[in-house]
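Novice: Okay, here's what each chain looks like letter by letter:
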Amino acid sequence: MKRIIFVALLGFSGATLAEGGMLQGSCATCHNTKGPAAQTLKTAFEKKGPDLFYAGNKYRQEWLVSWLQKPSRLRPAGMYYGGHIKAGVKGDEIDASTLTDHIALSKADATSVAAELMKMKPHDDLIAKEKIESGTVPKQMGEMAFNKFLGCMACHLIEPEYGGLSGPELYTAAKRLQPQYIASFIRSPQAWEPKSMMPNKNLSEVNIQKMVHYLETLSKEDANAN
Amino acid sequence: MPTKLVLLILLAAFSAQTQAKETPADNYKAYCIQCHGSEGTGKGVNVRDMTVVPRDHTDAKAMSGRSDETLFKAIKEGGPSIEKSILMPPWGATLSDEEIKELVQHLRMLCKCKFG
Numbered sequence: 001m002k003r004i005i006f007v008a009l010l011g012f013s014g015a016t017l018a019e020g021g022m023l024q025g026s027c028a029t030c031h032n033t034k035g036p037a038a039q040t041l042k043t044a045f046e047k048k049g050p051d052l053f054y055a056g057n058k059y060r061q062e063w064l065v066s067w068l069q070k071p072s073r074l075r076p077a078g079m080y081y082g083g084h085i086k087a088g089v090k091g092d093e094i095d096a097s098t099l100t101d102h103i104a105l106s107k108a109d110a111t112s113v114a115a116e117l118m119k120m121k122p123h124d125d126l127i128a129k130e131k132i133e134s135g136t137v138p139k140q141m142g143e144m145a146f147n148k149f150l151g152c153m154a155c156h157l158i159e160p161e162y163g164g165l166s167g168p169e170l171y172t173a174a175k176r177l178q179p180q181y182i183a184s185f186i187r188s189p190q191a192w193e194p195k196s197m198m199p200n201k202n203l204s205e206v207n208i209q210k211m212v213h214y215l216e217t218l219s220k221e222d223a224n225a226n
Numbered sequence: 001m002p003t004k005l006v007l008l009i010l011l012a013a014f015s016a017q018t019q020a021k022e023t024p025a026d027n028y029k030a031y032c033i034q035c036h037g038s039e040g041t042g043k044g045v046n047v048r049d050m051t052v053v054p055r056d057h058t059d060a061k062a063m064s065g066r067s068d069e070t071l072f073k074a075i076k077e078g079g080p081s082i083e084k085s086i087l088m089p090p091w092g093a094t095l096s097d098e099e100i101k102e103l104v105q106h107l108r109m110l111c112k113c114k115f116g
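One line per chain: the protein sequences are V and X, in this order. Heads up, the final residue of the first sequence is numbered 226 in this note's numbering, and it's a clean run with no missing numbers. Heads up, the final residue of the second sequence is numbered 116 in this note's numbering, and it's a clean run with no missing numbers.
Calculated from the structure, these hints are not laboratory results. Remember, predicted model here, so these are calculated numbers, not experimental data. Keep in mind that a hint or two might mislead.
The list that follows gives simulated cross-link-like pairs (lysine-lysine, DSBU-like), each with its CA atoms no further than 35 Å apart [stated by the list, open to error]: (1) V/Lys86 - X/Lys21; (2) X/Lys73 - V/Lys90; (3) X/Lys29 - V/Lys148; (4) X/Lys84 - V/Lys201; (5) X/Lys76 - X/Lys112; (6) X/Lys114 - V/Lys48; (7) X/Lys76 - V/Lys201; (8) V/Lys175 - V/Lys139; (9) V/Lys70 - X/Lys29; (10) V/Lys175 - V/Lys34; (11) X/Lys84 - V/Lys90; (12) V/Lys210 - V/Lys119; (13) X/Lys21 - V/Lys148; (14) X/Lys101 - V/Lys90; (15) V/Lys107 - X/Lys29; (16) V/Lys210 - V/Lys139; (17) V/Lys175 - V/Lys129; (18) X/Lys73 - V/Lys129; (19) V/Lys210 - V/Lys70.
Using the sequences and the hints, build the whole thing.
Specialist: As structure tokens, this is what we get:
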């Protein structure tokens, strides 16, 4: 009996080690898993993937589990676009040869890594400031905002084939991100990442709420299933 | 001697807390080339679907029609502040006033031009 408990304990500690080990091991080669965020552009230019040290404040766990098993590119021009462009006939274009794919994890690894990531919440203070009210934004109004009123499409794909390429795609944002994080990041990208490529557009509270609602609408569209 | 040391330590602590000032070339590379292009000619990686094309910073004729104050305002407060496109966002929360001033001078270097 004692032996069984001992073996079980060994197995448990092994699994725990593997989780922490993967995060601080292979994940940490491309992601900042310990913080703080990049304080200089030099460091920001070298980033190979998004910071994970506040993953628990940012991502939806179920999305992490599924994406880690079947990763797809969310930033068409990589983490820092400047390192992945080349001169083309009509202007700068993405140099796909410089982009690397994210590794796919097994279901078990994806589940345990996601669980570990969700524990990383150093910015609970920023999240606590956000109150998301329920509401909807008509699709046409949302599109107008992205195009004409706020100009999000300059840097983000707002549909699978429409928009800018330097930032992460927006049409899946609400599927990936917690609503309070979306609101907080729009309110002040620099509070999360001082050297963020995302500008602070000084949106009003009403508009921040509208953006969260519209991103939720967009992510539920079948065409944007990802 | 010990006073000097204390001062040095204080100075080090203070500079570590303030955000490091970036060079105009690095700021241009980080925030501008996505739309204005790696050569500054307005042909960045983002322009494909834009209804208004970004300014060609090497266009001396167009750039000499803008004062340094206007360029500063456009960078700090965004396109609409000078009656230009919303696609040019405000960078006032990203860059310090000093960095924006240096960026304006960087633009003058790119266009090889002055206002007027």
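Novice: Now tell me if each hint is right for this structure.
Specialist: Now for the hints, and whether the structure bears them out:
1. V/Lys86 - X/Lys21: OK: V/Lys86 and X/Lys21 at ~28 Å, within 35 Å.
2. X/Lys73 - V/Lys90: 29 Å, holds
3. X/Lys29 - V/Lys148: Answer holds: X/Lys29 to V/Lys148 is near 26 Å, not above 35 Å.
4. X/Lys84 - V/Lys201: Answer holds: X/Lys84 to V/Lys201 is near 15 Å, not above 35 Å.
5. X/Lys76 - X/Lys112: 22 Å, holds
6. X/Lys114 - V/Lys48: Since the Cα atoms of X/Lys114 and V/Lys48 sit roughly 39 Å apart, the hinted pair is violated (cutoff 35 Å).
7. X/Lys76 - V/Lys201: 11 Å, holds
8. V/Lys175 - V/Lys139: The given pair, whose Cα atoms are some 17 Å apart, holds under the 35 Å limit.
9. V/Lys70 - X/Lys29: Judged against 35 Å, a Cα distance of about 32 Å means the pair holds.
10. V/Lys175 - V/Lys34: With a Cα-Cα distance of about 25 Å, the restraint between V/Lys175 and V/Lys34 holds, given a limit of 35 Å.
11. X/Lys84 - V/Lys90: Cα-Cα ~23 Å, so holds.
12. V/Lys210 - V/Lys119: Holds, at roughly 29 Å.
13. X/Lys21 - V/Lys148: The given pair, whose Cα atoms are some 33 Å apart, holds under the 35 Å limit.
14. X/Lys101 - V/Lys90: Roughly 30 Å separates the two Cα atoms, so the pair holds.
15. V/Lys107 - X/Lys29: 39 Å, violated
16. V/Lys210 - V/Lys139: 11 Å, holds
17. V/Lys175 - V/Lys129: 21 Å, holds
18. X/Lys73 - V/Lys129: 31 Å, holds
19. V/Lys210 - V/Lys70: Holds - the C-alpha atoms of V/Lys70 and V/Lys210 are around 30 Å apart, at most 35 Å.
This entry does not satisfy hints 6 and 15, going by the numbered hints stated previously.
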